[in-house]
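J.: Residues per chain are reported as follows:
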Amino acid sequence: MARTKGYPEALEKKLADTRLYEDERHPEFTRTVEKISMSIPHMCYQCGTCTASCPSAPRSSYRIRKFMRRALLGLEEEALTDPDLWLCTTCYSCTDRCPRDIAPTDVIMAMRNLAAQRDIVPVNFLKTVQAIYSTGHGVPNNDVNRAARKKLGLPADPPTTHGFPKYVKGIQSIIDHFGLKARADRIVKEREG
Amino acid sequence: MAEKKTKKESAAKKEPKKAAAKAAAPAPAAAPKVTPGKTTAKEARIGVYICHCGTNIAGSIDIPAVQEYAKTLKNVAHVDNYQYMCSTPGQKKIENDIKEHKLTGIVVAACSPRLHEPTFRTATKTGGLNPFRFEMANIREQGSWVHMHDREGGTAKAKDAIRIAVAKASLLEDLIPKAVPVEKAAMVVGAGIAGMQAALDLANAGIKTYLIEKNPTIGGRMSQLDKTFPTLDCSQCILTPKMVDVGRAPNIELMTYAEVEAVEGYIGNFDVTIRKKARGVLTPAEAEAKGIVGGGCNGCGDCDVVCPVIKPNPFEMGMKPRKAIYIYHPQVVPLIYTVDFDSCVKCGLCVDACGDKKAIDLEMKDELIKVKVGTAVIATGYDIFPIEKKDEWGYNKYENVVTSLEFERLICASGPTGGHLVRPSDGKTPMKVAFLLCAGSRDNTGVGKPYCSRFCCMYSLKHAHQIIEKIPGCQPYIFYMDIRSFGKMYEEFYYRIQDEGAKFMRGRVANVLEDPNTKNLLINAEDTLLNRPINLEVDMVVLAAAVEPCESTEKTRKLFGVSKSMDGWLLEAHPKLNPCGTTTAGVFLAGVCQGPKDIPDTVASAEGAASAASIPIHMGEVELEPYFAQCIEEKCAGCGMCVNLCPYSALSLVEKDGRKVMQVTEAKCKGCGTCGGFCPGGAIWMQHFATPQVVAQIDAFLLGGEQ
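These protein sequences, in sequence, are chains A and B.
Mapped onto this note's numbering, the consecutive letters of the first sequence carry residue numbers 1 to 193.
Mapped onto this note's numbering, the consecutive letters of the second sequence carry residue numbers 1 to 707.
No lab work stands behind these hints: they were computed from the structure.
Accuracy of the hints is not assured; some may be wrong.
[To be verified] Taking lysine-lysine pairs in the BS3-like style, the calculated list, with each CA pair at most 30 Å apart, reads: (1) B:Lys290 with B:Lys208; (2) B:Lys92 with B:Lys178; (3) B:Lys503 with B:Lys178; (4) B:Lys208 with B:Lys178; (5) B:Lys372 with B:Lys320; (6) B:Lys449 with A:Lys35; (7) A:Lys66 with B:Lys389; (8) B:Lys372 with B:Lys208; (9) B:Lys428 with B:Lys389; (10) B:Lys668 with B:Lys208; (11) B:Lys428 with A:Lys66; (12) B:Lys449 with A:Lys66.
Since the model is a prediction, treat every value here as computed from it, not as a measurement.
All chains, full assembly: derive it from the sequences and hints.
T.: Encoded structure:
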């Protein structure tokens, strides 16, 4: 955690103490992440193959190598509160190429799980939950798509829960089993009022 | 049923004991003749010594409890313990107690026999007992170390180990090691820089040395290199004098284009069969032997000119043509052409061109030659890992991605381009070259190699220097994870190359893409120090590919009975204290076949192997551990089943007193026990692992001392 000295905000940020303190490290965080991800981020040697393989990195501040380092050192706060955690597209290119045979994608997913447990989830992810709950689709059909489908000679709605809305109930009961919808509703309400 | 068998064998155990009592051996030091089937003559009096090994053993085993327990064991006459039994005072205890307590056997409970059995055998001998009256109980590697957190269990296991050792020690007999003469000749397999150096050292020490090389010339990988780091001497310039020395040394019998076909025997007496592959060309000596005066190949190359068949030259990594009759390069040793019978069309043009020299024989066949040597050095070297398996870097897919060995030939003045570095796609001079380090090394995916190939960092620095020097304005980029510049003057070389302008990018390359129009290459990596992805377009990519043991290593190693480690490299006897030796006596390792090494380390290793291989030869004879099988002739029915079972061909049937009995060639017997375990009549006595001794150990374990 950066320690502050009482300057104006911009200067405060520049002059903050950025040293790594031992009390930021939580070895149990490393163990938990490894258990959930079933991978070995503590073996990372920081070669950067993951970041260089990442389609997100050249367009964003997401650096998967940094998250591997945080997993290795047990920097729980830094890892879980960094909004970059949610920029992974889960394409698995890093997992394909990692020379240490780590599955960085799965490590990211584990961290997202842990962050979600602490209600640290971007609202758009929660809205996706709501969309799946009500339609069975993360990206529901819309008028533009319906028109395009008709033009191609397809039925306006695909043969999914859109075509068979009675099955949405089944999806809802799965989501309810984990209390995901209620949780999403609560957090969205807290953030957006 | 198992119980029944044990009882039966226990009964058998007592029988030879009684018989032995009649032929009592008086003074133990006088080395009585061993009679198979007869165990110790005297009442056993065993001395037990428990080692603390500092806290290695004492830290997790209750020494006083073990000592008190040992005192209660049958035949134990004296028990003691000491901080370090292997120290001089520890050994003195054994030596003095043998006399003072009239001991007949010694048990030391300490580390593994592999570590200190020789030490305590010497102490036993100094004390006046036969050294084979010593037995070790391993309570460290198999005791305290594995039961570090279970003091009670570890202590109980130590008691078991000592009880078992005492049971065996009570029945141990005097054994006399057998000395066998050592053939005053050595063999070196592989004539790269390691094999050449080892052969030269052995030859200079006055030992006849057979140097076997599978290729038509000696020189190996080093002869393919252009410059050598960090001094930048020309590789050929420093290598060719050695090649010439090897060719001329009177004590070296050089066999190129030859492979080891079979190995029989043991240290001091290896019978090696060598396949001299059909070369199709006679040396002057061979020609003279055939009565062709002044004939044989003189390397003139007239045949090369007329040969119509064109093939890629493997010495130039296939980047230069050769004919079906060829030499690798102008400096080959020996300067004798070779016919590639796989591609020769036998048109006979070369035979005509050769004329009166009559050097070419297109009907030549492989020849098998047998030689006898005392020791052997394996120096089979390395190959480049097939880097196309890591397909993200595009080797074999994109023309301008080359390996480091191909780069060596492209930058070498005697190479296919006369030393002008060009892009394979269009022959243009590259102005931006990326070097990819750890290409296939330090890779735990199962595709590449988990180890560090150890010399790639340094040769890539050298490559960067060479292009800066040869091509003004050419920019080298070195993509690295760590620069390992560990040798003498290596770090200084790193400093120099950075000063010369090479750009070091700390990041492993994720993938390489090709622009299909320009054939330029696009590199994706992360500058991990800036924390930013890099997108770099270069003209050429050089992969510092991992190395692996060359293909023929596997065959050679099996012939000589040498193991390999998990990574595929040949296994040394001890990684630190015996890096040149192997677990097969008389066989030694030199150079990269044992693990990646640069040239200085390879030469040092070769000199070490040569020195080690010369010792038994200079000693003149070697002692073999006397764990031979012995035939108890009165029990032997002469069925001969053991003869077929023996994996070392050490047994034979002989006529004795009008009947057939088995006979052991002791020098060939390795004491594996295959015959002894099988013999239906119980007529085979495995010295030091005799049935009564082993049964006593089993009884001691199963019955907990209540025998």
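J.: Decide, hint by hint, whether the structure agrees.
T.: We went through each hint and held it up to the structure:
{"no.": "1", "hint": "B:Lys290 with B:Lys208", "in the structure": "holds (25 Å)"}
{"no.": "2", "hint": "B:Lys92 with B:Lys178", "in the structure": "holds (27 Å)"}
{"no.": "3", "hint": "B:Lys503 with B:Lys178", "in the structure": "violated (64 Å)"}
{"no.": "4", "hint": "B:Lys208 with B:Lys178", "in the structure": "holds (25 Å)"}
{"no.": "5", "hint": "B:Lys372 with B:Lys320", "in the structure": "violated (40 Å)"}
{"no.": "6", "hint": "B:Lys449 with A:Lys35", "in the structure": "holds (27 Å)"}
{"no.": "7", "hint": "A:Lys66 with B:Lys389", "in the structure": "holds (28 Å)"}
{"no.": "8", "hint": "B:Lys372 with B:Lys208", "in the structure": "holds (11 Å)"}
{"no.": "9", "hint": "B:Lys428 with B:Lys389", "in the structure": "holds (28 Å)"}
{"no.": "10", "hint": "B:Lys668 with B:Lys208", "in the structure": "holds (24 Å)"}
{"no.": "11", "hint": "B:Lys428 with A:Lys66", "in the structure": "violated (40 Å)"}
{"no.": "12", "hint": "B:Lys449 with A:Lys66", "in the structure": "holds (25 Å)"}
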